[in-house]
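Trainee: In case you want the letters, here they are:
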Amino acid sequence: MRVWTRVAGVLLSLVLLCGCSQQSSATDDLIVALNETHSAIASSILAIQLYDQQRSTRAVTDTVLGDMAKQAADAESALEPISVDSEQIKSDRDAALAAIHAGVAALLTSRDDFEQHGSVGDTAALKSAGQQVDDVLNQLRGSR
Amino acid sequence: MKRVFGLALGILTAIGGFVDIGDLVTNAVVGSRFGLSLAWTVAVGVLGICIFAQMSGRVAAVSGRATFELIRERLGPRLAVMNLGASFLINLMTLTAEIGGVALALQLVSSVNYLLWVPFAAIAIWLVIWRVKFKIMENVAGLVGLCLIGFAVGLFLLGPDWGELGRQLLQKASTGTEKTSTYWFYAVALFGAAMTPYEVFFFSSGAVEEGWTTKDLAESRANVLVGFPLGGLLSLAIAGCAAVVLLPELIGVTALSQVMLPVAMAGGKVLLAFIILGVVAATAGAALETTLSAGYTIAQFLGWPWGKFRPPAQAARFHLLMIICLLVGIGTLMTGVDPIQVTEFSVVFSAVALPLTYLPILIVANDPQYMGEHVNGQVLNSVALVYLVIILAAALAAIPLMIITGNGQ
Numbered sequence: 004m005r006v007w008t009r010v011a012g013v014l015l016s017l018v019l020l021c022g023c024s025q026q027s028s029a030t031d032d033l034i035v036a037l038n039e040t041h042s043a044i045a046s047s048i049l050a051i052q053l054y055d056q057q058r059s060t061r062a063v064t065d066t067v068l069g070d071m072a073k074q075a076a077d078a079e080s081a082l083e084p085i086s087v088d089s090e091q092i093k094s095d096r097d098a099a100l101a102a103i104h105a106g107v108a109a110l111l112t113s114r115d116d117f118e119q120h121g122s123v124g125d126t127a128a129l130k131s132a133g134q135q136v137d138d139v140l141n142q143l144r145g146s147r
Numbered sequence: 010m011k012r013v014f015g016l017a018l019g020i021l022t023a024i025g026g027f028v029d030i031g032d033l034v035t036n037a038v039v040g041s042r043f044g045l046s047l048a049w050t051v052a053v054g055v056l057g058i059c060i061f062a063q064m065s066g067r068v069a070a071v072s073g074r075a076t077f078e079l080i081r082e083r084l085g086p087r088l089a090v091m092n093l094g095a096s097f098l099i100n101l102m103t104l105t106a107e108i109g110g111v112a113l114a115l116q117l118v119s120s121v122n123y124l125l126w127v128p129f130a131a132i133a134i135w136l137v138i139w140r141v142k143f144k145i146m147e148n149v150a151g152l153v154g155l156c157l158i159g160f161a162v163g164l165f166l167l168g169p170d171w172g173e174l175g176r177q178l179l180q181k182a183s184t185g186t187e188k189t190s191t192y193w194f195y196a197v198a199l200f201g202a203a204m205t206p207y208e209v210f211f212f213s214s215g216a217v218e219e220g221w222t223t224k225d226l227a228e229s230r231a232n233v234l235v236g237f238p239l240g241g242l243l244s245l246a247i248a249g250c251a252a253v254v255l256l257p258e259l260i261g262v263t264a265l266s267q268v269m270l271p272v273a274m275a276g277g278k279v280l281l282a283f284i285i286l287g288v289v290a291a292t293a294g295a296a297l298e299t300t301l302s303a304g305y306t307i308a309q310f311l312g313w314p315w316g317k318f319r320p321p322a323q324a325a326r327f328h329l330l331m332i333i334c335l336l337v338g339i340g341t342l343m344t345g346v347d348p349i350q351v352t353e354f355s356v357v358f359s360a361v362a363l364p365l366t367y368l369p370i371l372i373v374a375n376d377p378q379y380m381g382e383h384v385n386g387q388v389l390n391s392v393a394l395v396y397l398v399i400i401l402a403a404a405l406a407a408i409p410l411m412i413i414t415g416n417g418q
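For the record, the sequence lines run as chains A and B.
Heads up: take any position in the first sequence, counting from 1, add 3, and you land on the numbering used here.
Heads up: take any position in the second sequence, counting from 1, add 9, and you land on the numbering used here.
Hints listed in this document are in silico derivations from the structure and should not be mistaken for laboratory results.
Quick caveat: nothing in here was measured; it's all calculated off a predicted structure.
Any given hint could be a false lead.
[Unchecked claim] Calculated pairs, DSSO-like style, for lysine-lysine (alpha carbon to alpha carbon, straight line, at most 27 Å): (1) B:278 <-> A:73; (2) B:144 <-> B:224; (3) A:130 <-> A:93; (4) A:73 <-> B:188; (5) B:188 <-> A:93; (6) A:73 <-> A:93; (7) A:130 <-> A:73; (8) A:130 <-> B:278; (9) B:224 <-> B:142.
Isolated chain A (complex conformation):
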């Protein structure tokens, strides 16, 4: 019985530690969210290019675009718990939020276009959003 009590104690401690581990620095959290958005946009652009070159199937492209739109939307939601304790963090958070939001909008549009018409006319919006994300990402990495 004592063994089980100890095991339960260790598990509880681990759960608490896991909870504490979530409180990393705000800048790190912003960088993670931006990285995920960059990855989602770059994956979507690559998937669209491969489909246009007839190297990939509609189902695979459709799935990539759906998965990546969800990933970027999750990255945007992940900004919500970040608390702002300085003007600098607030400014960084707002810049990251704007860039990620532009990425989410472009990804959703691409996904919907592809679902409805079987093609994404132009990847310019995705590329522009990707550039915006990269700019903020580089700025935050430089300030770290």
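Take the given structure of chain A and dock chain B to it, following the hints.
Mentor: Showing chain B alone in chain A's frame:
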């Protein structure tokens, strides 16, 4: 001739059956973030699984009994229950991940959301376990799983800078923006993916299912020592494709669909079709193995009749248990939990449970009461002990690394 054919078939099945959703996802994630700098972990993991899988296969062939039965008898129920608890929970998590993997692969064919495929995938797995003979089930899944060789073909077609890939092999610790702690987290995850506990329990129970005797020892050794390392090369090819195409674009793999992008770039729709077929077979094969392993471990521990060699009516509790495990897997996935995250957790917790799985096997394989003249030799014991130290280090480091890195972020 028949023996050579059997040997070749066994090796091919071992290659095709080596890769599961854990290997697929973890290798692709690692390739896209660290290139081939963690390839050494795959090599260490493959050697480890070879050592312990052939050991558990030998135990089953010599004693005619599966590893779990002997562990309970040799170590007593109190110690064996720790082994059972750890192995069963990891196995259940892996089973859930594999069902999710089948569903995700079917989404890549159909565009239909993977959640709609989950119940069908689980029912298909149950039907195969219920109706199909063990040997046919194992061979078909393993042979069709060989389509994953397409990753190696794809890597060649991509025409990478081999010198650069070679440099990545020798690269130490972190790369680019990745932290050293994240590097070690993924080293542990890859090690856990290669040494997943269910593989040894399935291997030893399968030996009993197929009625191995000491005459089959050479063949079983060849299956493991040739098949598993070649399967390990497939894992490296998955990481290689991701390293060549995704790493330069800073695309971190978080979804199975992204793993298909390098394949499409390399070989177009034909190679893509091969790979998706391979992924379906590999994940379905692993789902069959984990479902059976769930039944094997509990039934062997509790002394219930088990095995596909018995009609289901004679092993009713064994079959009922597998149905319950499949239902738990379906239920978990239907909550909307991401199957890729389940996979990532399963490989890390696999690493945590490794000592509880592999130490008892080593103890039983050294017991002359069960093994007679076939006990481990000194060299094998020395290597196995070195591995136990590595396993213990990985198990102790897994959860702290998971906490420090925020699960590899």
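Trainee: Hint by hint, say whether it matches the structure.
Mentor: Each hint, compared with the structure:
1. B:278 <-> A:73: It holds: about 25 Å lies between the C-alpha atoms, which stays within 27 Å.
2. B:144 <-> B:224: With Cα atoms ~18 Å apart, residue 144 (chain B) and residue 224 (chain B) stay inside 27 Å; holds.
3. A:130 <-> A:93: holds (26 Å)
4. A:73 <-> B:188: With Cα atoms ~26 Å apart, residue 73 (chain A) and residue 188 (chain B) stay inside 27 Å; holds.
5. B:188 <-> A:93: holds (25 Å)
6. A:73 <-> A:93: holds (25 Å)
7. A:130 <-> A:73: Measuring from Cα to Cα gives roughly 18 Å; hence the hint holds.
8. A:130 <-> B:278: Given pair residue 130 (chain A), residue 278 (chain B) holds - Cα atoms ~25 Å apart, limit 27 Å.
9. B:224 <-> B:142: holds (22 Å)
Of the numbered hints given earlier, the model fails none.
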